[in-house]
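Student: Each chain, written out:
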Amino acid sequence: MTIRFGGMSRRSFLRTGAAFGVAAGAVGLKTPALAQSGLPDIQATLDGISVANYVREDYRKLYNMSDEPLWDPAKDWIRTVDWEKVRSELGGTTVRFAIGAADQESAAEGLKPFEALSGIKVELVPIPDDSIYDKAISEFISGNASFDALQFFSAWLGDFAAPGFLAPLDDFAAKWNLPLDDFYDTYRLNYGYFGGKLVGLPFDCDIQMVHLRKSVLEPILGGPIDLVNSVPTYDELIRITGEANKLGGGVAGIGLLGARGFWSTYTWEHIAAQAGMQLFDANWNPTLNTDAGMKGMETLLALAQNAIEGVSGAGWGENRAAWLGGQVAANISWQDSGTQAMRPDQSQIVDDFVTIYEPRISGGVFAPPNIAGSTSVVTATSQNPEGAFLMLAFLTTSSIMAMNEANANGVAPGYRSVLSNERLRAVSQPMKVWADSLEHAWCSPRLPGMFEMEQALGNEINRAITGQITAKEALDNGQAAWKSIMEKNGFKDGGGPVAYADVAPGLYVGGGKALPF
Amino acid sequence: MLRRVFMSVAEKPCRSDQMTTKAPLVSAAGVAKATPNRRNTGPRRRSPALRKAFPYLLLAPAMAYLLVITLYPGLFAIYQSLFVVKFLTWEWTGLGNYSAILQDREFWAALGNTAIIGGISLTLQTAIALTIAYFAYRDPFIRGWRIVYLMPMLFMPSAVAFIWKLAFNDGRVISNLLMSVGLVDGNVDWLGNVWLARMTLIVADVWQWTPFLFIIFVAALQGQDQEIEEAARLDGASWPSIFWNISLPMMRPVIVVAVTLRGIDITTMFTNVFVMTQGTPGGATETMSYFIYRQGFRMFNFGYASAASVLMLILTIIIAQTVVKRAFHSGKK
Amino acid sequence: MAKYRKTRGESLLLRYIVLGGWALVCLLPILWFLSIGFRPRTEVITPVPIYWPTWSLDAWHLLMSDWPIAQYLRNSVIAVAGSVIIDLILAIPAAYALSRYEFKGREDIGFYILSTRMMAPAIVAVPIFFLFKTMGLLDSVWALMLIYAAINLSLVTWIIRSYMLDIPKELEDAARTDGAGDLRILWEIIIPACLPGIITAAVIAAIFAINEFLFTLLIASTANAYTMSVALANFTGGSDGIIYNAIALVSFIAFVPILILVILIQKHLSRGLTMGAVKG
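Protein sequence lines correspond, in order, to chains A, B and C. Mapping to my numbering: the first sequence position 229 is 229, numbers consecutive. Mapping to my numbering: the second sequence position 296 is 296, numbers consecutive. Mapping to my numbering: the third sequence position 158 is 158, numbers consecutive.
Since the hints were made in silico from the structure, they are not lab data. Hints are supplied without guarantee of correctness; some may be wrong.
As the list claims (entries may be wrong) - With the Cβ distance kept under 7 Å, some of the chain C side facing chain B (calculated, not the full set): (1) W22; (2) F33; (3) S35; (4) L90; (5) S229; (6) L232; (7) S251.
From a predicted model like this one, the values you see are computed outputs, not experimental measurements. Using N, Cα and C, we set each Cβ at its ideal position, and we do this for glycine too.
Generate coordinates for the entire structure from the input sequences, incorporating the hints supplied.
Tutor: Following this line, the structure appears as structure tokens:
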């Protein structure tokens, strides 16, 4: 019986490879309380947060990675903060962190050194990802959330912040010198701020992109794929995926997210943004069924004709599996489709794909969409908000984020200093296109009720994808639903719980900038 | 003479005490144990009041338990249905939620879907279970590995949902099999067509829950009196007529109970929808339970969701009421 | 059991084709899913399905090293066993009352018990969550036990009642005229008589309990109370997508104990329910 090499897990590797003085529990989730005098040496611990210890051995071998940092040490918060001060002020306290169960691994890896450095004990509360919203909501409803820190889809920031569930972090960020401006604007503005206050630290910084299979599409295009010019428009994408779809062999033309709920919304937002769509006007009227919105729908429906079967039920999990399994010739999905497909233990299509610059729509803008992603917050009822803040700052620090990317575990960095690092670019195929694109990113505003709105619109778009209603009906229905949900959330007569001026800068950061190509 | 045997069985309700049986399960010793020696103690007398209260006392623990755990949420749901609820804010709306629901296209669609998918699934399950049970219960060879027929039910429902999700959608196994026998040309889009999507849910449900009915039917068939059947068989009756005229009527109360129980469960079909389709295409496979879940946990209209579940409860009670009454009546005689 | 005699018109061939066919339908998906559990991730979803994969223990390593599966299994077993015991203690007397006695309100009570099964989990989940929170029982196996017992009580009661109905009244009457009290009758006659029914009901309750998902999800927050049904959910979302091979393996880890249990009591399940008047 052959046992594949990829059988070793990341966490088991860390336990054998690291040389920390902290006793590790059997599962590593609960570590014994640390007396201050028993804490290991700070510099030694920091030195242990390195490529050699954090990046999977098989990947390091595969890409011949040296031990040089994949980040800029000067911008790496954990190496610039005063840990002695942290220990003296907060050593011995506890923080409870609720986290999506499947992301638990990457978080737990990073937390042992945090406990060593800070003397703060962390308890992880894993929640199955499908239900993290339900669980968080239930806890918030009960009036006393039993965790101090939480990480979730950034679109829900408005839902959580508006009722006052989140603790403001500006003071802590100032006190401990968090390098906030290293974040790309689109992440800092949209994942971090609500109502002018900093309430979240960007955690998983996402962007949607277009990925193509070389072996299938290069014959159709007649040559190697040029990142800018081979597929310069969505019309061209429609054409080539149509051709690819006829080839058979179990490979469909394109994969996209067309399932009910927010998945379909994201796909539509992605395409329509290129046509110049904005979701609202300055008076908070939804503007979904404008020409740009309609153009987005038409393009989406045309692509859906060439899409893999089951597209009307494809959420991220299904889409990712189909792409990595080689079932589609192109994919409209997040940037990790471009990274994870490089890794032989996850992908059937290693070396057979490339991520291109966002195709354009005539009359529109170049607006690669910052969609989904996750942010991390401290609850307003937390007993230890400063400790929770420090933990989040630790987890989101650029070195750890850079190594998450190197491990292709789906948690993506949003720092300029990281995405421009040449060594990291060498192991992450889409990174140059990705970094360039972020300076032009489109994003939806974080409003209370946004989660519901995304669901409602997505259900309508899904009905259009399955042919039950027309594109126009879908957008009209969505628009009507949005109006009523917004009213329910306090948006009336042009005003509401969120000022348009507050969010406007984050909606499109590419205005007036020269194209990267 | 045969006809007379058939008629007499068909007219009487099925009670095995009216038929002679083989060696009883309960030995005479058991009866003797329960009976104190008459010489030493007189027959016990109970006060009439105690006698009358006795059944209530027997039921009391179960009732108390259920009341505590189910009445509170039930009342809570009814109460909540009168408000528009968003997280911590409750706004009185009286019957507002109810009138909104009755005008909600999606509510009626969910109701219809539950009836259609549930109805077809239940019918198929019952038919298959009856057939297999009837063929298997006396078979000398099958006895040992009857366990095979039970296996689907022993998996977690979420696991079963993933099995069929992989087989139909993600892994394309069913499409592949159909292609290899030439029934289809390419991969089938199970999620793109209303009836195909419903069919995948029905297949998953039938596969997993037929054993439930099977196990109950087999036990019932084995508990039946063999002599009448033997008599009929000796008289030369064919097996279909034995089945329809003897076995089936004798099983009727059991069938009713089993199908009711399964039917109630089917109305709360959730896991398969959640895993396999999430209601796609366009809501055509959204069952009531998923609708309620979506309203509550995705749209955060808890008051609305409560109202929907109250309506659903009323409906299920009405339907079950008639069935249950009949079950009690046949048991009484 | 009588010697098997063929009935006129009966075809052994048809019988075995039908039985064998359904057996294959039951078995093949299970075997295929087992093969999913023992293959690398990259071979689960491919352009054309792979039926005979490269066998690998990837999923096993993933489960064993990163998740406290033993803990989850233990919680499942405790919660399920406890809930079944609670159910039997409550349901047997209740079923006895419903099947043997005539009293006012009998139908309504019986119906109420049945109706507790009709509540859609999604809507009672939140109030139940609050209830347990105020009782301080969150994140404990006891809470799970209580919930599972409540959910399955109606099922257990009704199944046992059906079997009790079949016990001939003569048996009881004989004992009663001999002076036995009701409780002794229950304990020494009725229960032994419908033991197969009780066991059937217990097994069915166990199966339903081990599969319960939504309440477990809300009540449990740590490995103290997580059960196998929720454990599976760990592999269905998150940055690694749907990890099918892990899901398959977890399913089998939950399946095997139940299978063994059912095999052991199979005899009782299929034992004849024949009973009748005491002869002589």
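Student: Please go over all the hints and tell whether each is borne out by the structure.
Tutor: Results for each hint:
1. W22: holds, 5 Å
2. F33: holds, 5 Å
3. S35: violated, 11 Å
4. L90: With a minimum Cβ separation of about 4 Å from chain B (threshold 7 Å), the hint on L90/C holds.
5. S229: For S229/C, the interface hint holds, since the closest Cβ of chain B sits about 5 Å away, which is under 7 Å.
6. L232: holds, 5 Å
7. S251: For S251/C, the interface hint holds, since the closest Cβ of chain B sits about 4 Å away, which is under 7 Å.
When held up to the earlier numbered hints, the structure conflicts with hint 3 and nothing else.
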